[in-house]
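Let's have the full structure, built from the sequences with the hints guiding it.
Each chain is listed here by its residues.
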Amino acid sequence: MPQHFVAPPLWAWYIVWYFFLGGLAGGAYLLGTLLRLNGDPRDEGVARLAFLVAFPAVVICPILLTLDLGHPLRFWHMLINSRTGGLNFKYWSPMSVGAWALLIFSFFVTVSFIEALFGAGWTRHSAARSIAGGLSGAFGHLFMVVGSLFGLFVAGYTGVLLSVSNQPVWSDTWALGGLFLASGLSVAAATLAILARSRADAVSTERKLSRADRFFVVLEILLLAAFFVTLGTLAGRLFAPRWIVLWVLVALGIVAPLVLNRVSGPGRLGSPGLAAFLVLLGGLALRIVLIFGAQM
Amino acid sequence: MARTVGFFTDTTLCIGCKACEVACKEWNQLPGHDPKFLDSFDNTGQLDDQNWRHVQFIERSTGNGGVAWSMMSDVCKHCSLASCMEVCPTNAIIRTEFDTVYIQPDVCNGCRDCIAACPYAVIGFNEKTGLAQKCTFCYGRLQNNLTPACAKVCPTQSIKFGELSEMRTVATARLQQLKAQGVSDAQLYGEKEYGGLHALFLLTDKPEAYKLPSVENAVLPSRNNARGYLASVVTAVLGVLGAVVAFRQRGEG
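Which chain is which? The protein sequence lines are F and L, in order. Everything in the first sequence is counted per the numbering used here, starting at 1 for the first residue and increasing by one. Everything in the second sequence is counted per the numbering used here, starting at 1 for the first residue and increasing by one.
These are computed hints drawn from the structure, not numbers from a lab. Among the hints, a few may not be true.
To be verified - If the Cβ cut is set under 8 angstroms, some of the chain L residues that face chain F in the computed set are:
{"id": "1", "residue": "THR96"}
{"id": "2", "residue": "ALA116"}
{"id": "3", "residue": "ALA121"}
Glycine included, every Cβ here is placed at the ideal spot set by N, Cα and C.
Rendered as structure tokens:
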């Protein structure tokens with residue numbers, strides 16, 4: 001068993017919520033892109049919702065990160081060297097890479113958000129019209145694909161950030177990046193499925209999202225298994241009595257899409273909605289137990 | 001003038017007087033935490049933002065029913081390959097002209113990634129200043145050609161200070177002396193770990209007993225970059241493929 005004599009960084013709720021919303025934003029952007037590029041015209045409404053959802057999530061992320069700093073007004077030191085005025089970028093430090101990725105992803109999300117607002121008819125501003133016009137056609141597709149790559153990074157790098165440390169649990173596994181990404185995709189699919197229920201024209205899209213979510217939770221199960229196998233006996237510290245309720249929520253969030261979506265149907269209204277709600281709770285619980293549990 | 005400095009802490013000479021802790025706090029104007037009443041004479045507990053030197057009191061069984069104390073004045077190791085410096089996103093942690101590791105207080109933004117990375121639990125977060133803090137190797141004193149406060153006051157010369165090469169020579173000679181005297185457990189810590197430490201320790205037990213990772217366990221955070229990202233990339237590819245398949249199937253209704 002690896003030796004650890006480290007002190008905990010005391011990352012707490014701001015980081016938990018950042019990890020959750022970062023996964024949601026990255027996943028939602030990707031799913032919105034895929035619904036547009038790979039779905040049918042009936043999916044456009046939910047694709048637009050995906051870009052609308054990604055925006056508030058990604059706006060909150062840097063606020064949470066800034067509030068977590070000991071010196072919030074020095075947030076820009078993440079990007080710019082305050083001594084030399086040059087750029088700070090260390091490809092071997094996930095926190096450094098992540099700061100840049102979040103900034104760039106925010107640009108893509110903001111542009112797509114404005115385009116979605118225009119597409120939904122919520123704004124007729126000339127700038128929004130220009131952006132929507134610019135994003136039509138092949139360039140728009142390329143724009144969304146590149147944005148999705150950054151979204152995937154933002155959803156997953158947070159796990160790598162934890163692993164690139166010397167903390168017990170976090171640094172003893174390679175699975176956290178993949179696990180957070182799979183969970184982020186699942187959370188995003190669940191969020192969009194819940195929102196799609198408000199649209200009469202999105203029944204088929206909701207079912208597509210539920211199918212995708214089932215695939216994401218299978219990935220999550222595999223990565224959780226890899227996580228525990230790589231930890232070995234160290235995993236025991238994540239199963240202190242105080243964390244049991246959270247693990248139950250994690251399990252429900254994984255099982256729900258596999259079970260509830262399948263048994264839903266006429267006369268069983270609400271099951272897919274319940275499944276999606278449990279996915280959100282499970283995704284949050286996973287991050288809480290992994291962040292707090294390893295630091296205890 | 002650039003120099004490569006080092007500490008050599010000989011634990012066999014430490015008497016646990018804590019003069020090093022006091023001198024460090026005095027010189028660096030560290031108010032300290034409220035005292036803790038722990039099991040032994042230790043009332044500071046660990047290295048952190050206020051304790052840049054910490055005297056460990058380690059109880060060991062002597063094998064004949066008795067208990068012996070090992071004492072060690074712990075400090076930042078100023079690693080040649082420093083985990084804290086590796087992860088610091090703001091470049092607040094630098095290597096000085098003395099080859100020591102220094103946190104620039106005007107650059108640090110208190111993200112605490114260095115605390116997660118330091119394998120020796122050296123760095124602490126100061127809630128009042130909002131900064132990560134640790135031993136500076138008395139940077140100001142070095143710049144004025146003075147000995148760091150802890151080494152200056154150590155009454156038994158358990159803490160020695162000088163050129164790193166000189167410290168290595170002194171440490172090796174002392175190790176040989178102890179071995180010749182029959183102290184078979186004596187060993188030197190810090191020659192290989194993290195590219196060589198700037199704080200060497202002469203121990204009389206295995207490193208783990210002093211909360212020091214063994215050389216096999218002295219690893220850098222960046223070791224997890226490639227495999228962590230690889231797992232993410234594989235997951236991303238599978239996730240995208242899964243979504244593409246799910247979205248292509250005709251929705252019912």
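Verification of the hints:
no. : hint   : result
1   : THR96  : violated, 14 angstroms
2   : ALA116 : holds, 4 angstroms
3   : ALA121 : holds, 4 angstroms
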